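> Residues per chain, in single letters:
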Amino acid sequence: MVLEIKNLTLSVLTEYGYIDVVEGLSFNIDEGEIYGLVGESGCGKTVTALSVLRLLSKSFRVKSGSILFCGENIFSLPEKDLGRIRGREISIVFQEPMTSLNPVIKIGEQIEEMFIVHLGMERKMAKQKSIEVLEEVGFGNPERTFHQYPHQLSGGQRQRVLIAMAISLGPKLIICDEPTTALDVASEREVLDILLNLVERRRVSMLFITHNLHIVERLCHRIGIMYLGRLVEEQKKESFFSNPLHPYSQGLLSSALMKGEKLRPIRGNVPELRNIPEGCKFHPRCDLVMDICRTKEPKVVGKERESWVRCFLYGS
Amino acid sequence: MGEVLSVRELSKLYEVKKSLLSFSSTKIKALDNVSLDLSAYETLGVVGESGSGKSTLARCILLLERPDSGYITFLGKELTKLKEKELRPLRKKMQIVFQDPYSSLNPRKRVIDVIAEPILQFGLEKRENLRDSVISILRSVGLDESFLYKYPHEMSGGQRQRIAIARALATDPSLLVADEPVSSLDVSIQAQILSLLLEIKEKKRLSIIFISHDLKVVRFICDRIIVMYRGRIVEEGTKEEVFSNPLHPYTKMLLSYSEGKPTKIRKEEGEKGGCVYYEICNWRKKECLIDSPKLSGQESHKVACFLESTR
Chain A
203 MVLEIKNLTL SVLTEYGYID VVEGLSFNID EGEIYGLVGE SGCGKTVTAL SVLRLLSKSF
263 RVKSGSILFC GENIFSLPEK DLGRIRGREI SIVFQEPMTS LNPVIKIGEQ IEEMFIVHLG
323 MERKMAKQKS IEVLEEVGFG NPERTFHQYP HQLSGGQRQR VLIAMAISLG PKLIICDEPT
383 TALDVASERE VLDILLNLVE RRRVSMLFIT HNLHIVERLC HRIGIMYLGR LVEEQKKESF
443 FSNPLHPYSQ GLLSSALMKG EKLRPIRGNV PELRNIPEGC KFHPRCDLVM DICRTKEPKV
503 VGKERESWVR CFLYGS
Chain B
2 MGEVLSVREL SKLYEVKKSL LSFSSTKIKA LDNVSLDLSA YETLGVVGES GSGKSTLARC
62 ILLLERPDSG YITFLGKELT KLKEKELRPL RKKMQIVFQD PYSSLNPRKR VIDVIAEPIL
122 QFGLEKRENL RDSVISILRS VGLDESFLYK YPHEMSGGQR QRIAIARALA TDPSLLVADE
182 PVSSLDVSIQ AQILSLLLEI KEKKRLSIIF ISHDLKVVRF ICDRIIVMYR GRIVEEGTKE
242 EVFSNPLHPY TKMLLSYSEG KPTKIRKEEG EKGGCVYYEI CNWRKKECLI DSPKLSGQES
302 HKVACFLEST R
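Each protein sequence line maps, in turn, to chains A and B. Just add 202 to wherever you are in the first sequence, counting from 1, and you've got the working numbering. Just add 1 to wherever you are in the second sequence, counting from 1, and you've got the working numbering.
One or more hints might be untrue.
To be verified - What follows is a set of in silico ranges between Cβ atoms, one per label pair, in the way DEER data are often shown:
1. A:N343 x B:L290: 51 to 59 Å
2. B:L76 x A:N477: 44 to 52 Å
3. A:R405 x B:T172: 56 to 64 Å
I should point out that these hints are in silico values taken from the structure, not numbers from a laboratory. This structure is a prediction, so every number in the text was calculated from the model and none was measured. Ideal Cβ placement from N, Cα and C applies to all residues, glycine included.
Turn these sequences into a full structure, and let the hints steer you where they fit.
Pasting the structure below:
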């Protein structure tokens, strides 16, 4: 296993005290596997991603659980070892390609930095390496791109530069946090093609965070559905799209118009984090709610790494 | 009931400075000879990627921006010839819902103020009846009177978008322009807003121009579809025609994207040609470089492509 998250509970300090934003989260990612973590805003996807790199701000607290990266517990590593892991063994691609790049430094210099800082490479060598990775992410004329500034590139191109930076040091795991949300269809497609290619060629693992089920269908091998800080279902891609188990997953698929032409929206809104309902957290919005759902939280039903769901409809 | 809106040869140029300090500038054609018709109770989808001129089209139709040339006929009146003062009574008949309900609502106004403003502006209701009419508008978008005194920050994205729709409906418009109304919302909320729009369209008998880059959404909600590329309409037709038998290479590419099929795009940048799509077209011919194809074909399906006109 490249990444193993076990029973992770994270809480954040708010004006109402500590509130759990991620609760009892467990999943793992194998070598060369793309894991899609799917959920709506505020469900804890991004916080989970940041916790893997220990990038969470001071107001967050790890209440329990562990994150193992190639067997090493991220939470017990000293700060200086983290510097080795961040960027070199685990890298991250964020949503907004404009804010992740420095607007006054040339593209090439920003990539070179990776090689110089992490590997202590000489500038000349670093330049050559940078041009190589630019070519790998599909720039037809990497030398020209090397000398350009971020504002001279389109959104899709900028995102490809970030991917180039993310792969430059040959990481084992790449975390992508909604990397295509700010892009239009054509550039989205381009970025996804490049990511797929990379995973196949380099055998890296990927944690792909998104709310877009169309992307998941195209890209991911396994899928975890998150709702209000909990993983409610995990399945292999094929079985998920043909047979989603949790009522929330079914609602998402129909909302995204992926099950025919019929639109059946999920009613209500995602509750605020300080008013998390008792029992199954989805019960106020669920059409198939039973009495037991209102008081008790369902346990995992099914087989781990294959397909499981947290719902009383499937026994408990 | 015939045509609500008819747009003829609409063009809009923007001047863009070459760099921050330079005096020279280039002109970008945001809209290039765009013509379209919208009949009563029809939903017209406008599709294209970012920068294709979708939003400029919306803004020009509502005269939020003055087009450089062309004619817009709305409810039998020629809008481009009217002065701002003469335009006012028509403004209440055309309304817009923007993409991002976080920036389109004034953070310092309560819901009642937001919805009451257009009503008061156009003198549609007496002050003493105001509260009741705001409540009935709120009900029509699936909210209730508990929202009256809320501020935008107290509501979720979906609720805010409902308020934005309520504000647009307050003046009882004939035309609603929805500029990517669901693309900044969560998936489950997107579906709620879409079904709300459908319901409103049926109930209020509205004509809607629905701008989106999401083909699945457009297919769901629209009757007719326009595909735009770099300020031009490259294909136009009924939903059934465009989706089952796309003609323009660009439409084909968009469709295969949304179906998850791999498509090759020309990587190397070609010369700029007569046809706007020349640069990246896989099927380009000599004549595409010289001349630009016109939109032609049957009423139910038109395309601007030489490949189709010579077939």
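> Of all the hints given earlier, name the ones this structure violates by number, lowest first.
Of the numbered hints, just 1 does not hold.
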